[in-house]
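Trainee: Chains as they are written, first to last, in my numbering: chain A, 1 to 372; chain B, 1 to 191; chain C, 1 to 179.
Hints may contain errors.
In silico BS3-like cross-links for lysine-lysine, where the CA-CA straight-line distance does not exceed 25 angstroms [as the list claims (entries may be wrong)]: (1) K14/B x K182/B; (2) K167/C x K154/B; (3) K23/B x K13/B; (4) K162/C x K175/B; (5) K21/C x K94/C; (6) K41/A x K182/B; (7) K21/C x K235/A; (8) K167/C x K164/B; (9) K326/A x K94/C; (10) K41/A x K94/C; (11) K99/A x K235/A; (12) K164/B x K175/B; (13) K179/B x K167/C.
Worth flagging that the hints you see were computed from the coordinates, not collected in a lab.
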Amino acid sequence: MKKFSKEDREVKLFVGPQHPGVTGNMSFEITLEGDILTSVKTHVGYLHRAFEKLMERRLFIQNFPLVCRICVPESDTNEENYARALEELAGIEIPERAKWIRTLVLELSRLQMFMRWIGGIAGTMGLGTAPQWSVGDRDYILDLFEELTGGRIYHIYILPGGVRRDLPEGFEERVLKVMDYLEKKLPDYDALIFENAVFKKRLKGIAKIDPSWVEEIGVTGPVARACGFPFDVRKEQPYEVYDKLDFEIITETGCDLYAMAMVRRREIELSIKLIRQIIDRMPKGDVWTHLPNVLYWKIPAGETYVKTEATRGEFGYYVVTDGSDKPRRVHVRGVSTPHAYTLLERLVPGMNISDFSVAIVGLQTCPPEIER
Amino acid sequence: MKEKDYFLDDRPKKLSYSEVWEKFFNWARAQSLWVIAYGTGCGSIEIPPMVTSRFDAERFGVSTVGTPRQADVLIISGYLAVKTLKRVIRVYEQMQSPKYVVGLGACTVNGGMYYDSYNTVNLVDLYIPIDVYVAGCMPRPEAILAGFAQLMKKIKEGRADGWKQYIDNLDKYRKNQEKIIKNWKIPNYNW
Amino acid sequence: MEDLIKRLESIFKIVEKKRGKRDNLWILEVEKDSLHAVLSYLKDNESFRHLALISCVDWIENNKFQLSYILWSYQKRQNLIVKIFIDRDKPEFKTVLNLFPQAEIYEREIRELYGVTFEGNPTQFEDFVLEDWEEMPPMRRDFDTLKYSQEKYGDRDSEVLKTNIRKIISDYTDEWRRK
Chain A
1 MKKFSKEDRE VKLFVGPQHP GVTGNMSFEI TLEGDILTSV KTHVGYLHRA FEKLMERRLF
61 IQNFPLVCRI CVPESDTNEE NYARALEELA GIEIPERAKW IRTLVLELSR LQMFMRWIGG
121 IAGTMGLGTA PQWSVGDRDY ILDLFEELTG GRIYHIYILP GGVRRDLPEG FEERVLKVMD
181 YLEKKLPDYD ALIFENAVFK KRLKGIAKID PSWVEEIGVT GPVARACGFP FDVRKEQPYE
241 VYDKLDFEII TETGCDLYAM AMVRRREIEL SIKLIRQIID RMPKGDVWTH LPNVLYWKIP
301 AGETYVKTEA TRGEFGYYVV TDGSDKPRRV HVRGVSTPHA YTLLERLVPG MNISDFSVAI
361 VGLQTCPPEI ER
Chain B
1 MKEKDYFLDD RPKKLSYSEV WEKFFNWARA QSLWVIAYGT GCGSIEIPPM VTSRFDAERF
61 GVSTVGTPRQ ADVLIISGYL AVKTLKRVIR VYEQMQSPKY VVGLGACTVN GGMYYDSYNT
121 VNLVDLYIPI DVYVAGCMPR PEAILAGFAQ LMKKIKEGRA DGWKQYIDNL DKYRKNQEKI
181 IKNWKIPNYN W
Chain C
1 MEDLIKRLES IFKIVEKKRG KRDNLWILEV EKDSLHAVLS YLKDNESFRH LALISCVDWI
61 ENNKFQLSYI LWSYQKRQNL IVKIFIDRDK PEFKTVLNLF PQAEIYEREI RELYGVTFEG
121 NPTQFEDFVL EDWEEMPPMR RDFDTLKYSQ EKYGDRDSEV LKTNIRKIIS DYTDEWRRK
C-alpha cells in the first residue's frame, strides 16, 4: 500500500470571511491532518476603515462620531477612552455625577455584550434556543440606551467634560426593573447553557491555555482571569468611580473554554450588582463642565495611554497631541489582537476541527478592533 | 489540478418566460427571502436582533442561511473595504439567480462618514447592483424589516432587476471592479 | 517609581524623562541602540512584563518616526511609555520579538501602515490589513487620503456619484408619488 508523506496528508482549508462559524468579518487559513488541526493563520483587514488616518484629519470634537464605531458591539468603551485621554491631556475635571453616569453606561454596555456573547457561543454550538433568549433580553438594555442617548448601538453620549445629558426622570427605576428581570432569568440561563451537559462536554478541556502564556503574550480580560490571574483594569487602575464600588475580581482556574464561559457568567452577576450599587449611591449635581469653543479647541502637546476594561480585556488608547486642533496620532489597542493571532496560533495544534469555531467565539475575537 | 477546473468560464444567461409565468415566479420569490450570513460591515450587529425573538424576521419569510448557493439576498451592511469587495463580488456571483442586494446605512450610498477613507468604496452601486437602500447609521431592525418589505414589493412588481442588469452590463461592472481590485485572480464569471 | 528611573539612569542613558499627566504614567525617551537592553532590563528586573502596544508616530517636520513601546507592570501598577526616534529617510529598526511574542503583529502593522521595517521579524512582509497596496504607506502624514479616495472611488461631489444618488432618490420619490 502506498505510504503518504505528511505533506500529502495535510489539507488546507479556508474558514471565512463568509462563514457562519466566524465572528464577524475575518478569515482563517487552517491546516488539517484528518480532523485534527496542525496550524492556523489569521487574516484580518476586511473591515479596515482607516480610522486612525481619518482622526488625524478631523477636529477633536468631530472625532466622536468616528470613535464609537471602532468596536461595533461595545461603543461606549471607545468613547470613554477617547474622552478620558482628551480630559487628561487638556486638564479638564469632570463633575462627580458625570463620573457615576459614565460608570453606569459602561457597566450596562458590558452587560449587553455578555448577553450577546451567550448568543454567539450557543449559536456556534448549534444550540438555537439560547440566542433567541439572550439577544431578546439584550434588547431590554438597548431600549434603556435608546431612552438615555437616542441610539441603540452608537451612543455618542460620553463626551469630554462629562456626559451629553442627565438621566431622564424615572430612568433609575427602569434600569432596576431590567436588572431584576435579568437576575430572575439567570437560573434559566444556567439550566439552558452553563449547567447543560452538552455545553460542558463541548467546552471542558478545549483550548487549554498554559498559564505562563498569559503574561508572556499579553492576554487580558476573561481569558486571563480564567487562568487564575486577577487582571482587571477596573481594580488595577480604577477609572471613573470604580474605586468607590465594592467588588472582587472574578477568577477561575480551569484555563479552558469552560472556565472562560464561567468567568463571563459570573461577570453578568457582578455587572448587575455594580449597576445596583451605582444607582444606589449616585449623587446629585451637574453632568457637564464648561468647555472652550470646541471648533477652535486646541489641546497642549503631550501623550498618554488610557485603558478601560472592555468585555474582552484591556482596551487602550494611545493619544499623541502636538498643540494643534487635531490629534497627532490615535492608536487603538484592540483587545483581541494577541488573542486572535499569537494565542490562537499556540492553541490550535491538536485541536479538533469541530471545536475551532467554538474556540474563536470563546476567546471573543472581534475583528473591527483588530484592524480599525 | 488546474485552477480552471474549479470554475465555469461561460457568461451568465437569462432565461425568459412568458409574462404570466414571470409574475407567478416573482410572487413566489417574494415570499421566502433567504439572507446569506455574511456580515460585511458594522451593520451586521443589528442582524441577530432582527432574526431572533423580538423582531422575528421569519414572520416575513426572511431567514438566514450559511452558504451562497442557497441564498437569495446579500446584505451589504455598511461600508465596503477593498479587501471585502473582492470577496463580496465572489459571493454575489456564486449566488443563484434571481438574487437581490440590500444596502444598509449611509456608507453604501455615498461613502457616508468614510468618504475620505483610502480603504472603503464610496458608491457600492458602481460595483454591484443594489436593489434597496436602508437609510441610517445604524438602521434599526424595524428599518431593515421595512427595507425587506420594500424589496418584496419591488420583486412582486418585477422591478427588482439588479441581477438582470448585472448580466446585461457585466463588462461595465467588471471595468469598475477592475479599477479597484488590482490583483484580479478570479475568472470572468464564477458560477 | 522615581527610584526605578534613578536605577535606570545609572545603567542607561535616558535622553528625556517626563511624568505623565496622571500619577502612574511615565514617559521615557532612550537612545535607539539601547532600547533592547532597556526593555529586557525592565522586563526581567522590574516586572514590566506586559507589552500593551507598539505604536508609531510620524513627525514629518523633524523628519523622524517615533516608536513607542507601552509597558505595564502588574506588580507596580505603573504604565511606562518607552520611546525612541528613528530616521524617517531610513525607516529600519530591530524587532523585539525575542522579548515579547505579540510584538510580531504590532510590528507587522507598523511595517504596513508606516513602512518601518523590523529586522528579524520573519512575518513582517505578510499582508495585515491592506491587499495589493502599491502607494506609499498610508498612515504617513504626506499621504493624502481624501485625494486618493476621490481619484479611486469617485468624488462624492462628482457628477457620476450625484446622478447615481439622484437616481436612487427619484426611485424612492416615485414610489411615494404613486401612493
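Trainee: Taking the hints in turn, state whether each one holds.
Mentor: Quick rundown of the hints versus the structure:
no., hint, verdict
1, K14/B x K182/B, "violated (29 angstroms)"
2, K167/C x K154/B, "holds (16 angstroms)"
3, K23/B x K13/B, "holds (19 angstroms)"
4, K162/C x K175/B, "holds (20 angstroms)"
5, K21/C x K94/C, "violated (30 angstroms)"
6, K41/A x K182/B, "holds (23 angstroms)"
7, K21/C x K235/A, "holds (20 angstroms)"
8, K167/C x K164/B, "holds (18 angstroms)"
9, K326/A x K94/C, "violated (31 angstroms)"
10, K41/A x K94/C, "holds (24 angstroms)"
11, K99/A x K235/A, "holds (16 angstroms)"
12, K164/B x K175/B, "holds (17 angstroms)"
13, K179/B x K167/C, "holds (23 angstroms)"
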